[in-house]
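**Q** With the hints as your guide, set chain B onto chain A.
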Amino acid sequence: MLTVPVEIQIILAGILFLLGLIGLLVRRNMIFMLMSIEIMFNSAGMVFVIAGNHWKQPDGQVMFIFILAVTAVEVAIALALLLQVYHHFKTLDADSVNKLRDHN
Amino acid sequence: MNIFFYIAGAIAIMSTIMAISRRNAIHSLLFLILSLLAVSVIFYLLNAPFIAALEVIIYAGAIMVLFIFVTMMLNIGMEGRTEKKWLSPQMWIVPAILAAVLLADFILAIRHVPDSPPADQAILPKQVGISLFTTYLLAVEIAAILLMAGVIGAYHLGSQKKKVTHRFLIKK
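Residue numbers (our numbering), protein chains in the order written: chain A, 840 to 943; chain B, 45 to 216.
In isolation and in its complexed conformation, chain A is listed as follows (with noise of 0.2 Å):
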C-alpha cells in the first residue's frame, strides 16, 4: 500500500507541469512547444487521479479519460496544422511563422 503524502504526489504532479511550462516558454520549435503542452496536459491528469485515490473516488480517473480524449484531438488537429504550416513556410521555427500576410 502506497503511504506516500498526498502532497509529494501533488508536488511530483506540479514539477512536471512546470517543466512542461519551461519548455513551453524557451523553446521555438513547434514540435516541441506541442510536447511541451502534452507534458502540462499529461501532469493535470495526473493530479485529477491523485485526487480520486485521495478520496477513492472512481470520477478523477473518469476526468482522466475525458482528458485523454481532448488530449488526443488536440494532438491530431495541432500536428495537421503543423504540416501545414511547414508546406507554406519551410519552417517550424514559430518565430518565423509570425507573419500574417503572405511573403510573396
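Everything labelled a hint here was simulated from the structure, so no lab data went into it.
Example chain B residues on the side facing chain A (calculated, C-beta under 8 Å, incomplete):
| no. | residue |
| --- | --- |
| 1 | 56 |
| 2 | 103 |
| 3 | 136 |
| 4 | 191 |
No residue lacks a Cβ here, since even glycine has one placed at the ideal position from N, Cα and C.
**A** Here is chain B on its own, set in the frame of chain A:
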C-alpha cells in the same frame, strides 16, 4: 512500496528535463516516452491500473507514435535561428527562476491538505466504467462529438488542396 513511487517520480522528472532540453526531436520524443512510462508506473501505484494501461496504450503508444511519424515526415534535424541562441544557458535562467518561484509557492500552498479517509482498495475499472456510463454519460457523448470534429478537422487540414488560380493571375 513508497520507494517505487520515489524512483518512478525521479525518472519522470529527469526524463522530462532531458525531453525539453534536447536539440534532436527524435531523442526528445524518446525521452518523453520514458517519462510517460514512469508516470504510468505512478498511476499503477496510485491504485489506478486501468489508467496506467491507458497511459501506455494511448499516450506512449498512439500519440507519441504520431509525433514520431510527423517528425520523420518533416525530416527535422536543425532548429531555427532563434532557438540556437535561446538554448544557451543564460537564456534559460529567467524562465527557470520564475518557474522555480512558482513551484515554491505551489509547495507552500499545498502543505496542509485535510486527511483522507483511510481505505485500501483499488478503484477497479468496473467502477470507472459504471461511473463513466451513468453519471458522465452526457460528457461521453460530448467527447464523441469532439473526436468526430477532430477527425474531420485533421482530414481537412491534412489534405493537400490544389491551388486554383485564374490564368491571368498566374505569375510566370
